[in-house]
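Dock chain A against chain P, hints included.
Protein chains: 2
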Amino acid sequence: MNWKLAARAAKMNPSVLREILKVTERPGIISLAGGLPSPKTFPIQAFADACAEVLHNDGQAALQYAASEGYAPLRQAVADMLPWNVDPAQVLITTGSQQGLDLVAKVLIDPGSKVLVETPTYLGALQAFGPMEPNPVSVASDDEGVIVEDLVAKAKDGRFVYLLPNFQNPTGRTMTEARRAAVSAAAAAAGLPIVEDNPYGELWFDEAPPLPLTARNPEGCIYLGSFSKVLAPGLRLGFLVAPKAIFPKLLQAKQAVDLHTPIFTQRMVSAVMKDNFLERHVPTIRALYKRQRDAMMAALTREMAGLDVKFNAPKGGMFLWARLPEGIDTVALLPKAVERNVAFVPGAPFYADQGDPRTLRLSFVTASVEEIDTAIAALALTLREELALLGERRLAPEPV
Amino acid sequence: MNWKLAARAAKMNPSVLREILKVTERPGIISLAGGLPSPKTFPIQAFADACAEVLHNDGQAALQYAASEGYAPLRQAVADMLPWNVDPAQVLITTGSQQGLDLVAKVLIDPGSKVLVETPTYLGALQAFGPMEPNPVSVASDDEGVIVEDLVAKAKDGRFVYLLPNFQNPTGRTMTEARRAAVSAAAAAAGLPIVEDNPYGELWFDEAPPLPLTARNPEGCIYLGSFSKVLAPGLRLGFLVAPKAIFPKLLQAKQAVDLHTPIFTQRMVSAVMKDNFLERHVPTIRALYKRQRDAMMAALTREMAGLDVKFNAPKGGMFLWARLPEGIDTVALLPKAVERNVAFVPGAPFYADQGDPRTLRLSFVTASVEEIDTAIAALALTLREELALLGERRLAPEPV
Numbered sequence: 001m002n003w004k005l006a007a008r009a010a011k012m013n014p015s016v017l018r019e020i021l022k023v024t025e026r027p028g029i030i031s032l033a034g035g036l037p038s039p040k041t042f043p044i045q046a047f048a049d050a051c052a053e054v055l056h057n058d059g060q061a062a063l064q065y066a067a068s069e070g071y072a073p074l075r076q077a078v079a080d081m082l083p084w085n086v087d088p089a090q091v092l093i094t095t096g097s098q099q100g101l102d103l104v105a106k107v108l109i110d111p112g113s114k115v116l117v118e119t120p121t122y123l124g125a126l127q128a129f130g131p132m133e134p135n136p137v138s139v140a141s142d143d144e145g146v147i148v149e150d151l152v153a154k155a156k157d158g159r160f161v162y163l164l165p166n167f168q169n170p171t172g173r174t175m176t177e178a179r180r181a182a183v184s185a186a187a188a189a190a191g192l193p194i195v196e197d198n199p200y201g202e203l204w205f206d207e208a209p210p211l212p213l214t215a216r217n218p219e220g221c222i223y224l225g226s227f228s229k230v231l232a233p234g235l236r237l238g239f240l241v242a243p244k245a246i247f248p249k250l251l252q253a254k255q256a257v258d259l260h261t262p263i264f265t266q267r268m269v270s271a272v273m274k275d276n277f278l279e280r281h282v283p284t285i286r287a288l289y290k291r292q293r294d295a296m297m298a299a300l301t302r303e304m305a306g307l308d309v310k311f312n313a314p315k316g317g318m319f320l321w322a323r324l325p326e327g328i329d330t331v332a333l334l335p336k337a338v339e340r341n342v343a344f345v346p347g348a349p350f351y352a353d354q355g356d357p358r359t360l361r362l363s364f365v366t367a368s369v370e371e372i373d374t375a376i377a378a379l380a381l382t383l384r385e386e387l388a389l390l391g392e393r394r395l396a397p398e399p400v
Numbered sequence: 001m002n003w004k005l006a007a008r009a010a011k012m013n014p015s016v017l018r019e020i021l022k023v024t025e026r027p028g029i030i031s032l033a034g035g036l037p038s039p040k041t042f043p044i045q046a047f048a049d050a051c052a053e054v055l056h057n058d059g060q061a062a063l064q065y066a067a068s069e070g071y072a073p074l075r076q077a078v079a080d081m082l083p084w085n086v087d088p089a090q091v092l093i094t095t096g097s098q099q100g101l102d103l104v105a106k107v108l109i110d111p112g113s114k115v116l117v118e119t120p121t122y123l124g125a126l127q128a129f130g131p132m133e134p135n136p137v138s139v140a141s142d143d144e145g146v147i148v149e150d151l152v153a154k155a156k157d158g159r160f161v162y163l164l165p166n167f168q169n170p171t172g173r174t175m176t177e178a179r180r181a182a183v184s185a186a187a188a189a190a191g192l193p194i195v196e197d198n199p200y201g202e203l204w205f206d207e208a209p210p211l212p213l214t215a216r217n218p219e220g221c222i223y224l225g226s227f228s229k230v231l232a233p234g235l236r237l238g239f240l241v242a243p244k245a246i247f248p249k250l251l252q253a254k255q256a257v258d259l260h261t262p263i264f265t266q267r268m269v270s271a272v273m274k275d276n277f278l279e280r281h282v283p284t285i286r287a288l289y290k291r292q293r294d295a296m297m298a299a300l301t302r303e304m305a306g307l308d309v310k311f312n313a314p315k316g317g318m319f320l321w322a323r324l325p326e327g328i329d330t331v332a333l334l335p336k337a338v339e340r341n342v343a344f345v346p347g348a349p350f351y352a353d354q355g356d357p358r359t360l361r362l363s364f365v366t367a368s369v370e371e372i373d374t375a376i377a378a379l380a381l382t383l384r385e386e387l388a389l390l391g392e393r394r395l396a397p398e399p400v
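From first to last, the protein sequence lines are chains P and A. Note that the first sequence covers residues 1 to 400 in full-length UniProt numbering. Note that the second sequence covers residues 1 to 400 in full-length UniProt numbering.
It is possible that some hints are incorrect.
Pairs of lysine-lysine, DSSO-like flavour, derived with a Cα cap of 27 Å [as the list claims (entries may be wrong)]:
1. LYS114/P <-> LYS11/A
2. LYS4/P <-> LYS114/A
3. LYS11/A <-> LYS244/P
4. LYS4/P <-> LYS244/A
Hints listed in this document are in silico derivations from the structure and should not be mistaken for laboratory results.
Just chain P, with the same shape it has in the complex (with noise of 0.2 Å):
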């Protein structure tokens, strides 16, 4: 039979984190790896009463065939969230803010085009890009985010720019709003649209991010948002904003893709946040990852002593970002680590470009702060270790 792919389908690989993260799912290990929000969170008995709601009162058009748009109460429970003037009829709902990502790619990229990143920057963007063949391009960046000037000498021709600014995955840094105001400014000037994706903005430990991007320049962004990280990821509920210059686009692509969002799973999500739901909600997350990420820093600080890893303080989100000593390469830490009941990611795989070696990506929000504790120590004697052997081999003679 003449399964012949299409020359994107060839290109594909199999994600490089995914085969990489299979061995951490054997039970006995604590994985700093996945990110995964804390089960804790999640709204069970809210849901639970929002589903006898919902099939009880709308029972058959919960369970009929639905606007490709979403649920018009959801699009203006987005539109009222947001924090800026944002018309409903601009919000598009989509099954996960990464099909946001995947309608972005279809309506904005052609084989070829130029498409600036962060470095490094999330993985399953490049991913939800890539059937597309865009030539991704790495703008240089720093605690704060992308330089501008960066940005600016590698604007020209790009289709946009893709920006986590919020607690970035994988680094979790965030935009500073002197950053934001720059980058929004600079972005302006050269015509380039940027995507800003903010699954984590509301995940802040002790105030509020920055305005988003999009709030500053809304006719020049698109925006993607999340209910997973505030709510429950399993529903797969996420949106977009986008401009009236490019929603239709966007609309059609979506109506191909799935025709819809599951309508169930939109009224369930439009119940749960009445009364001011999240308001009272999100403050407990926040809580929780704060204590968590407080304990990953004191883990790190005390089991790294006198090593040479530096990581970063996050102020909000999922995941803190660390690079280890010269000539440690963390992908090939990881199955030692795996050994020792501990699972990362590495952070090369989140480069468009050439990755570094001595990063990685830790998360702190699903294992426990006694989990983070023994996992850390467990991380730290894997490096120790690997380090000394590193010592020997270069203390070793060379073969003749």
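Just chain A now, with coordinates in the frame of chain P:
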């Protein structure tokens, strides 16, 4: 702002049907247009019980991220349900079977790839394939499906042929056993893969349709199925079965588009299907739809008497296909029918090439028997008026 669209997006047009059907959502209109299952058939109580059970027993897992392949017990249930030997590892759960079409397009279609389709074919498939810019080629078809000689003549370099053998959308026709055997053999001989779409197969009225094409040559076929017509479409739950040769690519494409189909709805449906629920439930849908098909055929026979109106006798599914007298264009007729409070779908948009303007699709599943009677009478009246107008125009003196 430089919103430069991808070439594929510039070609996307608002769905003709979508635009036409907007007018039909007016209150008071009896719609024979949409392919909406009768909401009376939705097992609301069973879903309510399933939601409560899933959230009570497995709430955290049902709301967490999950495997891209789908929920293992549901994949097993799908494999068990199908009438050939299916390994659950070949089953991919999709966000509606529409998503299966999107994934197939991404993996198998290059710009300009020849894709063979029936005459006419499912409009949603043309829309799903469209963004990958295929060259769709219509295979001549009769009441039994595609004509084998024409399929063979056009098979060369075809990426696949897309077939809907059971109670096809839009025509309601079913491929006979003899035609299936011949099509399967011819496709295998030509090395032409088959993409078999079977959303309606369980909705048979008197006897089950012949074995699927995929059952005859599983290595040469991708099979798409759906829970939309046997349970409820609002959950957006479908599946595909693919040979091992291409399953991994479809899975990678799936992961990139929405990570996974909502696990909560997968577990809901898995819970509902326990204890052979479908074996008790689906016969009630068949009985209802059969009564409504009978009513529609009786009404057409009665109301269209004396007019040159042809229609088929679907043996299952949701749709009946009709052809109106010469000179009638159903696109032009629709607004006049809507004025008389009845809506249908013109047939022309379902053709990959030049459509037959005299054709239309009538759904017999959403409206009640009484509504069907009223609607067909109104449609006949509209048609008689249109024919009278046509006659007057023909009799009028030509302008000099």
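Hints, one by one, checked against the model:
1. LYS114/P <-> LYS11/A: holds (21 Å)
2. LYS4/P <-> LYS114/A: holds (12 Å)
3. LYS11/A <-> LYS244/P: holds (18 Å)
4. LYS4/P <-> LYS244/A: Between LYS4/P and LYS244/A the Cα gap is close to 14 Å, so the pair holds against 27 Å.
Comparing the model with each earlier hint shows no violations; every hint is respected.
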